[in-house]
Each structure stands twice: as C-alpha cells, then as structure tokens.
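Protein chains in written order, with numbering that gives the first Met the number 0: chain D, 0 to 729; chain P, 0 to 154.
One thing to keep in mind: the hints can contain errors.
To be verified - Capping the alpha-carbon separation at 25 Å, the derived lysine to aspartate or glutamate pairs in DMTMM-like fashion look like this: (1) K612(D) to E123(P); (2) K341(D) to D456(D); (3) K238(D) to E18(P); (4) K151(P) to D626(D); (5) K151(P) to E673(D); (6) K238(D) to D20(P); (7) K226(D) to E305(D); (8) K612(D) to D652(D); (9) K725(D) to D675(D); (10) K126(P) to E310(D); (11) K126(P) to E346(D); (12) K3(P) to E76(P); (13) K240(D) to D20(P); (14) K126(P) to D626(D); (15) K52(D) to E2(P); (16) K320(D) to E310(D); (17) K603(D) to E18(P); (18) K126(P) to D659(D); (19) K240(D) to E2(P); (20) K240(D) to D30(P); (21) K611(D) to E127(P); (22) K89(P) to D626(D); (23) K11(P) to E204(D); (24) K252(D) to D236(D); (25) K151(P) to E93(P); (26) K169(D) to E25(D); (27) K126(P) to D675(D); (28) K397(D) to E260(D); (29) K83(P) to E204(D); (30) K151(P) to E670(D); (31) K126(P) to E670(D).
Stated by the list, open to error - Covered by chain D, according to a simulated footprint, are these stretches of chain P (three or more residues, beta-carbon under 8 Å): (32) 4-10; (33) 44-52; (34) 80-89.
No wet-lab data here; the hints were simulated from the structure. Note that the structure is predicted; figures quoted are calculated from it, not measured. Every residue gets a Cβ at the ideal spot worked out from N, C-alpha and C, and that includes glycine.
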Amino acid sequence: MGASKVSRRDVLKGAGALVVTFTIVEKAHPALAQQAAPQQVVGNWLKIEANGKVTAFIGKVDLGTGIRTAFAQIVADELYVPFRSVNVIMGDTQSVPNQGITGGSNSLSSGAPPLRAACAEARQTLMQRASKKLNVPLDGLQVRDGVIFATADRTKRATYGELLDGDFAKVAVSGRAPLKPPAKYTVVGRSVPRIEVPTILTGGEGDYVSNVRLPGMLHARILRGPKFGSRLVSMDDSKVKALPGVVAVLPFKLPGDKRLESITSLFAGDNIVARDWVAVIAEREETAVKALSILEANTKWEGQTEMPTSETVYDWMVTQKATPNVSRNDALTATNLRIAAKRVRAEYRIPFHAHGPIMPVMAVADVKDGQATIYSPTQGPFMVRREAAKALGFTEDKVRVIRMEGSGLYGRLLVTDADIEAAILSQTVGRPVRLQWMRQEEFNLAPFRPARVFRLDAGIDDQGMVIGYSSENWLPWRPLRATAGNQNVNPLYAFSAARVVTNNIESPLRTGFARSIEHVPAAFAMEAFMDQVAYAAGDDPVAFRMRHLTNPRARAVLSAAAARAKWQPHTKPSGRGVGVAFAQYESGAAATFVAHIAEVEVDKATGAVQVKKFTMAHDCGRIVNPDGLRNQLEGGTIMAAGWALHEEVKFTDGRVTSEDWSSYNIMRYQEIPEIDIRLINRPQMQEFGAGEPVCITPAPAIANAIYDAIGVQPTQMPFTPDRIKKLIKT
Amino acid sequence: MAEKYALKVNGKVHEVTAEPDAQLLYILRNDLQLNGPKFGCGLAQCGACTCIVDGAATRTCVYPVSAAVGKEITTLEGLGNVEKPHPVQKAFIEQQAAQCGYCMNGMIMTSTAFLMQNRTPTAEQIKEALNNNLCRCACHVRVVAAVQQAAKEMS
Numbered sequence: 000m001g002a003s004k005v006s007r008r009d010v011l012k013g014a015g016a017l018v019v020t021f022t023i024v025e026k027a028h029p030a031l032a033q034q035a036a037p038q039q040v041v042g043n044w045l046k047i048e049a050n051g052k053v054t055a056f057i058g059k060v061d062l063g064t065g066i067r068t069a070f071a072q073i074v075a076d077e078l079y080v081p082f083r084s085v086n087v088i089m090g091d092t093q094s095v096p097n098q099g100i101t102g103g104s105n106s107l108s109s110g111a112p113p114l115r116a117a118c119a120e121a122r123q124t125l126m127q128r129a130s131k132k133l134n135v136p137l138d139g140l141q142v143r144d145g146v147i148f149a150t151a152d153r154t155k156r157a158t159y160g161e162l163l164d165g166d167f168a169k170v171a172v173s174g175r176a177p178l179k180p181p182a183k184y185t186v187v188g189r190s191v192p193r194i195e196v197p198t199i200l201t202g203g204e205g206d207y208v209s210n211v212r213l214p215g216m217l218h219a220r221i222l223r224g225p226k227f228g229s230r231l232v233s234m235d236d237s238k239v240k241a242l243p244g245v246v247a248v249l250p251f252k253l254p255g256d257k258r259l260e261s262i263t264s265l266f267a268g269d270n271i272v273a274r275d276w277v278a279v280i281a282e283r284e285e286t287a288v289k290a291l292s293i294l295e296a297n298t299k300w301e302g303q304t305e306m307p308t309s310e311t312v313y314d315w316m317v318t319q320k321a322t323p324n325v326s327r328n329d330a331l332t333a334t335n336l337r338i339a340a341k342r343v344r345a346e347y348r349i350p351f352h353a354h355g356p357i358m359p360v361m362a363v364a365d366v367k368d369g370q371a372t373i374y375s376p377t378q379g380p381f382m383v384r385r386e387a388a389k390a391l392g393f394t395e396d397k398v399r400v401i402r403m404e405g406s407g408l409y410g411r412l413l414v415t416d417a418d419i420e421a422a423i424l425s426q427t428v429g430r431p432v433r434l435q436w437m438r439q440e441e442f443n444l445a446p447f448r449p450a451r452v453f454r455l456d457a458g459i460d461d462q463g464m465v466i467g468y469s470s471e472n473w474l475p476w477r478p479l480r481a482t483a484g485n486q487n488v489n490p491l492y493a494f495s496a497a498r499v500v501t502n503n504i505e506s507p508l509r510t511g512f513a514r515s516i517e518h519v520p521a522a523f524a525m526e527a528f529m530d531q532v533a534y535a536a537g538d539d540p541v542a543f544r545m546r547h548l549t550n551p552r553a554r555a556v557l558s559a560a561a562a563r564a565k566w567q568p569h570t571k572p573s574g575r576g577v578g579v580a581f582a583q584y585e586s587g588a589a590a591t592f593v594a595h596i597a598e599v600e601v602d603k604a605t606g607a608v609q610v611k612k613f614t615m616a617h618d619c620g621r622i623v624n625p626d627g628l629r630n631q632l633e634g635g636t637i638m639a640a641g642w643a644l645h646e647e648v649k650f651t652d653g654r655v656t657s658e659d660w661s662s663y664n665i666m667r668y669q670e671i672p673e674i675d676i677r678l679i680n681r682p683q684m685q686e687f688g689a690g691e692p693v694c695i696t697p698a699p700a701i702a703n704a705i706y707d708a709i710g711v712q713p714t715q716m717p718f719t720p721d722r723i724k725k726l727i728k729t
Numbered sequence: 000m001a002e003k004y005a006l007k008v009n010g011k012v013h014e015v016t017a018e019p020d021a022q023l024l025y026i027l028r029n030d031l032q033l034n035g036p037k038f039g040c041g042l043a044q045c046g047a048c049t050c051i052v053d054g055a056a057t058r059t060c061v062y063p064v065s066a067a068v069g070k071e072i073t074t075l076e077g078l079g080n081v082e083k084p085h086p087v088q089k090a091f092i093e094q095q096a097a098q099c100g101y102c103m104n105g106m107i108m109t110s111t112a113f114l115m116q117n118r119t120p121t122a123e124q125i126k127e128a129l130n131n132n133l134c135r136c137a138c139h140v141r142v143v144a145a146v147q148q149a150a151k152e153m154s
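Chain D on its own, in the form it takes in the complex (with noise of 0.2 Å):
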C-alpha cells in the first residue's frame, strides 16, 4: 500500500490553494434541491492548487461501479480543466464531507448537484481574480484548459496556478455562480476509461483494503458458533496456544459483550452476529488460519434458536403476526375485484439472497493511544466511525476510517461487520490487526436480502383493461422494520383501483440490504403477473403493458427494447420463448427505467433454462460515462440472471447450509447469454443513478420466456432445472 494513498492529513493545508466548501444545509439552496438531507452536503468538496492539480472530495465511495471517474468527469467538464489533472478522493472521514452511505444508485443523482457547485463557484472566484489581473471584463474572458484568457487578445491569459500562486483563499458555495449549459458538455457524456483500472489489472499498489499492511500488524480469524443462537460451554485452547506465532485467544459473548451490544445499524438488520464466537490472532496469516479448524475441534457449543428451513419458510411466513403496512388502499378495489369480467391470481416466492463478494469482509484496525483507524472496504465509512467510537469507548473525533476498495459489495457493508470486531480486537491486543473472514462464515452470517411470499389478484374489464388489483406480500426483516417494504410494490401501471399491503415480519435469518433489494422481488412478481394477466385479457404483454402506461419515458423504454428486439412471442409452447419485463426503479428521487426481453431455451428432459440473449433499454436521465454505463448494465443483468436461475440461501435446523460456491451457484462463463443494450439519454435532464434498477427486470422476463417456451409460468425463485421440471409434467 503505498502511504501517499493514505497519509490525507495534510491534504487541505499549504498555499497557493482555493477551497470550496459547502455552510449551507437549506434545501432551498439552488446546488441542494435534489438533496433528500442537505446537511450531509456540508464539508469542504473541492481544492485547486497553485501547481494545477485539482482535488475533489466525495462522501460516496466507489464500489467498483466507476463513479471516481464519474465525478472526475463532472470536475473537469465544469472547472474546464483538463480530465487527468483532477483527483477524487473517497470515503476518508478525516478529509470528505459526510454524505451518509453509498447505496440505492444515488451517488451521482445526490453528489454531482454541490460537485457542480462547487466547481462553478471556484470558476467564478478565479475568473474575477483574472479579470482584475489581466485588466479585462468578466464578459470579455474565456476559459480553456485550466487558462483563463480575453477573447479580444488571447496574449493576455493567466492560468489557474498563477491566479492562486501564494495565496491560500477558503470561498463557500453562493449557488449564484452561473453552471456549464449540459450542451457544453465536452468530458461528461464520453466513455472516459476508468481510472483505476490499469491498477487494478497490472497489480500495481492500488487502493484496495486487502493490500494494507501495517507494520506489527497481526492476523485474526473467528470461529463461530454453529448455529443461529449457540453459546459457548467449553473450550480447550492448549492446543492452539501451542502453536508458535498464536498472539491470543479471545472469546467473545453475545449477547453479554457491552462493546458490540453497544453497535446499533443505521437502517435496522442485526448489526452484529448474534452468536458466541472465539477470535484468534497470530503473527502470521496461515497461522490463524490452521488455528482456527484446531479450535473448531476442542470447543463445545450448545442452544440454537428455533427456525423454519428454506423449504418451509414461505409457508411459515404467511402464519407470523405480522405488522401491515397498507401503502394503497382505493375505496373501489374490492368491487371492482368483484364485477370485474376475469379474475387472475396467483403466488409467487423470492428465497433469501446472499451478496456473494469475492472477498469475504475484512478490515485492518490500528488502536493505541487512545486513537483508532480502521481500513475497511465499507459503504459507510461514518457509519463505520460512529459504530466504531461507542464499540471502542472513544468520542468520535478519536476515530479516523479510510474506506478503501474492497470487492463488489452490492449491500453487504452498509452493516458493520469486520471493522468493528477488528477495532475491539486490536483494543484488546494493543497491535494493529487484520480480521479476514473466511468464505463460510461470509455465506452464513452475511445480512440477507430477505425472502418474500406475494399473493397477487387482479380484475380485468370487457375492454381488457385491469380495473381492479390487490396486492399482500410478506416481508421478513431482523429486527422488525415495520415500513418496509413500499419499493416497487404499488403498481407503477394505471389500474382503476388497487391495494397493496405489506405484511412486515421479523426473519429468521440476519437481514440486510442487497442490489436493489425490496424491488427486485417485488417486481419479479408484479411483471410475471402482469404477463398473466395480459395472456388472460387475450392481449399481448408488450401491448398490454402500454396500454396501462402513461409516463412517456416509461412507453419509450419499453418500446425501445420491444423494437430491438424485434418482439414476436412464439404463442405455443415449443421449448423456446421469449419473455418481457419493465419497471421504473423505485427510490427516493430517482426516476431511471428500464425493459429487458430475454430469449431462453429449455430443455424438456432435464428442465434446464439457458438464457440465450437479452435486449433491454435504459433510460437514466443524462449519461455521464456510456462505457461505464454499459458495463454496470451487462454485470446486472447477469446477476440477475443468476438470481432467476440459480441462487438460493439455504437453511436447516438452525444453520445455513449453502455455504461455499459449490452450495451457493452464481452465473458461470459457459451459461453467459449475449446481452444488447439501447441506451436512451437524456442530456438535459439530471443523472438519476444505474447500478441497481437494471436487476429488477431480468427474472421476470426469464419467468415470461420460460411460460412462452413450455406454456407454464415459475413462480418460484431460482427456476432449478427440478422446478421446471415439475411444471412441465404437470
């Protein structure tokens, strides 16, 4: 890890520097309208030094999806300087402005407004500064590259260094500072290669967490109890205090611990593993490692906490007291329910999802003196420092997080896992230590998407128009979240009447947020109904769904991606078919759309689907980064066929059974379906954020496909070649 990467201490000091910085919490401040908490924008955002380089300070973290070089591209289109002078620095909470967590595909739609800003202001301060140096009025200056210069004599000219040369000046955001018009846009809008990339794939010294390696620093592993709710009885560490190089031995009660009884989540889900564990810490890696399965054979463990099995969960769900959240509720919806000249209903279930990352959590925490910092790949690097302050008895200020890359983490970190365990750990043992969770204990213990039952029901007219829709879903989360659950439940299409309640539950597994969490369930059963009912009106499902859409963004991405590829379903059952799925993705401000049609084939015998091809349009406002763009599209969209097909967390008597890649099946190289994207942008408009709406769509349309292909409809996540077979022979 190279230490200039790390050491941002000093990164706003020195001279010759201008830097912007945001006061001001209102919404009503015109950078600040798309803020859903304007006072996370607070902070400073932007440095420009005498010697040219530009630096831009960002909240949000980079989980893979490329919006560092996003938000370099936004800097050097708005400040017109030249792309590779602008450095992004992320999730370090000793230098950025605490813009909460990075997740829901917000991070452009809520960070590129005050960037923007910000940038305007600094190029106004540096173009008055010029004005006065070069003797020339502001309407009679121009700027290219970094070089303010007078359109009448381009021999007078002054560039940005020399405007700030020994002068350290500090300006806030007015928001009056005129922005770039987007059709100026030269940076923004072009597939920019992403900047760490090169890095990335040569090795080079990189940025990721893994890569920390502190001097003294030891290595720690944990073994957990077996079960959900075991407790430790007894345990025999002679043998692993034995071995040369084991630093400690730590058991760890829970509940009973007062430092990680003291975390609390930010959303809700167990913040913490709720079991017994024992943490060994080495000097050398392979040592905890080897101590760790010696431990596992001389410990004794007892209890574990009742619970339904991945089969039975379902049933079980629907049975739970449950805590309704009733998000539509039209006087007219059982009526029309009533008169209505066909009635479609039908069940579907989502099993609980794990995240998956490459790399299992981890994080490397330096304690002493009264002062920690915390390595860690986290979503939520302030998060992480608060949870981390009252795990450790520390004030806040006494804890500094660098987030760094870790793998993709969809989710996974925006609970604290690792960087707190390690934090205590080295604590306790007054080294720097790095705590790597191993692949099983990723699989068994990581916050879960939770697993969903709906029961759909709608009502057609004689004009095959849905007149009436009612819509109850069961929704698990640990602890209870009682208004969860509204994202992508209420039917984006024009139904006369409709109701939809969310009966909230508490899980039996740890929950947690994942890629596009509540929606990707909820629209796996909307669209597959939808698809049923449209068969059941006698219309077909691209046309039906137009006729219940009104929003013409929403008609022009379906109908892109219908044109693209060129829709004819097959009608009869013939072993292939194709299938359709839209949705707008549901989440604060945000508004992308986006279609997909997928072609499967499946084969009769063995009930196995192969998705040969999707077509899908996106529309997500202006794009910054076409390249980046598509790939966050492509990797989606696999993802989410691997959640069609084939993932699955599963559980019995008390413990997770899938537990390794063996068990827990993602998307391979051999079943890779060629994928042909149609982007729609849309320049004048705001980014409103990509990464997370692009997997709602894709298993319902495999869902559509597979109906159209063996004339029976899945209705249960994954379509398992056994699944798929049971339909077919019934």
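Chain P: place on chain D using the hints.
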C-alpha cells in the same frame, strides 16, 4: 516446524521461513508483499488467488509452500505493469474488463496460462477455460472479448 524455502517468483529467488503446509497465497501476499493474487475462498473454488506455477494456472490458496520449491512462479505483477502491460493485461484494460476488479487477477492468470496452450481459441473454448473462475460483478462478456483480443495480438 517452520523451515526455510527458496522460491523463484517473477524471475527472482526469495527466501522465506514458513511451515511446510503454509498456503503459497499467504506467503506471496504477506512475505513477498505482492498484491496480485487475492484471497477469495481458501477452497480453490473461485480462482481469485490464481498464479502460474511452471506454466499451469494454480490456485495458491490451497497450494503448500513446500511444493513450490524449484518451480517458476509468476504472479500478476510478473506479467507486466501499468507502463508496460502484458498483452493480456493490455487487452483487459482496453476492454475495461473490470468492475470491482477483485477477481480479475484470476481471470488474467488463467487466460494467460490458457493462451500458452491454445493460441487461436474460440469464444466457447475461452468460456470453458474460465468456467471455474467466478466474477460476481459479472464482467464475463468483457473478459471473453479481452481474451479474444489478446489471442489475436499474441499470434
């Protein structure tokens, strides 16, 4: 008992002291401070730790250090660097074949070893060669395109 081992990594001999069953991955990452090979599963299932040992793509998370003595070990760093990338690395960079990039060490090392055996592979053969390397962000399409591009440039 810990012993001394001489390992030839990226053309240079390094002496390390470790238990004979210590996993090569930890030696490369911790003793030799190499960043390329990554820990992913410790079970030889995902491929993130792959290095080339005597010409063969090898999962170092289960490979004992004592077995590596006398062999030519190449890591991602040994192929090339940012200034002078290996043709496979160059193709991956040009195709932007990465999101988080954590698994890409395994993709590059496995396809480099594969291209030494097959200079003119079809897309199907590339997919077969990489089928047991897992990518969660799902850059498969770009990786296959990159390996095809590298094959062309290397032949």
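Each hint tested on the structure:
Among the hinted pairs, K612(D) with E123(P) is consistent with the structure: their alpha-carbon atoms are about 16 Å apart, no more than 25 Å. With a C-alpha separation of about 11 Å, the suggested pairing of K341(D) with D456(D) holds against the 25 Å cut-off. A distance of roughly 16 Å separates the Cα atoms of K238(D) and E18(P); the hinted pair therefore holds under the 25 Å criterion. Restraint check for K151(P) and D626(D): the C-alpha separation of about 23 Å stays at or below 25 Å, so the hint holds.
Between K151(P) and E673(D) the CA atoms are separated by roughly 21 Å; this keeps the pair inside 25 Å, and the hint holds. Taking the CA atoms of K238(D) and D20(P), the gap is near 18 Å; set against the 25 Å cutoff, the hint holds. As the CA atoms of K226(D) and E305(D) are separated by approximately 10 Å, the hinted pair is consistent with the 25 Å bound. Between K612(D) and D652(D) the alpha-carbon distance is near 39 Å, which puts this suggested pair outside the 25 Å criterion.
Between K725(D) and D675(D) the alpha-carbon distance is near 32 Å, which puts this suggested pair outside the 25 Å criterion. Between K126(P) and E310(D), the direct Cα distance comes to roughly 33 Å. Violation of the 25 Å bound is thereby established for this hinted pair. With a C-alpha separation of about 37 Å, the suggested pairing of K126(P) with E346(D) is violated against the 25 Å cut-off. Of the supplied pair hints, the one linking K3(P) and E76(P) holds, its CA atoms being roughly 24 Å apart against a limit of 25 Å.
Restraint check for K240(D) and D20(P): satisfied, since their Cα atoms lie roughly 19 Å apart, inside the 25 Å limit. Proposed proximity of K126(P) and D626(D) is supported: the alpha carbons are some 23 Å apart, at most 25 Å. Taken as a hint, the K52(D) and E2(P) pair is broken in the structure, with Cα atoms around 50 Å apart against an allowance of 25 Å. At roughly 20 Å between alpha-carbon atoms, K320(D) and E310(D) fall within 25 Å of each other, so this suggested pair holds.
With a C-alpha separation of about 53 Å, the suggested pairing of K603(D) with E18(P) is violated against the 25 Å cut-off. Pair hint K126(P) plus D659(D) holds up; C-alpha atoms about 22 Å apart against a cutoff of 25 Å. The hinted pair formed by K240(D) and E2(P) meets the criterion: a straight-line CA distance of about 20 Å does not exceed 25 Å. Among the hinted pairs, K240(D) with D30(P) is consistent with the structure: their alpha-carbon atoms are about 23 Å apart, no more than 25 Å.
For the suggested pair K611(D) and E127(P), the alpha carbons sit about 17 Å apart, so the restraint of at most 25 Å is met. With a C-alpha separation of about 17 Å, the suggested pairing of K89(P) with D626(D) holds against the 25 Å cut-off. Between K11(P) and E204(D) the CA atoms are separated by roughly 20 Å; this keeps the pair inside 25 Å, and the hint holds. Pair hint K252(D) plus D236(D) holds up; C-alpha atoms about 16 Å apart against a cutoff of 25 Å.
Proximity of K151(P) to E93(P) is assessed by CA-CA distance (about 14 Å); at most 25 Å being required, the pair is judged to hold. This hinted pair checks out: K169(D) and E25(D) have alpha carbons roughly 20 Å apart, not beyond 25 Å. This hinted pair checks out: K126(P) and D675(D) have alpha carbons roughly 19 Å apart, not beyond 25 Å. Restraint check for K397(D) and E260(D): the C-alpha separation of about 20 Å stays at or below 25 Å, so the hint holds.
Among the hinted pairs, K83(P) with E204(D) is consistent with the structure: their alpha-carbon atoms are about 15 Å apart, no more than 25 Å. Only pairs whose Cα atoms come within 25 Å are accepted, and K151(P) paired with E670(D) is accepted, the gap being roughly 24 Å. For the proposed pair K126(P) and E670(D), the alpha carbon gap of about 9 Å is at most 25 Å, so the pair holds. Taking a C-beta to C-beta cut-off of 8 Å, the region 4-10 of chain P contributes 0 residues in contact with chain D, too few for the three needed, and the coverage statement is violated.
For the region 44-52 of chain P, the proposed coverage by chain D is satisfied: 3 residues have a C-beta within less than 8 Å of a C-beta in that chain, meeting the threshold of three. Coverage of the region 80-89 of chain P by chain D holds [criterion: at least 3 residues with CB-CB distance below 8 Å; count 4].
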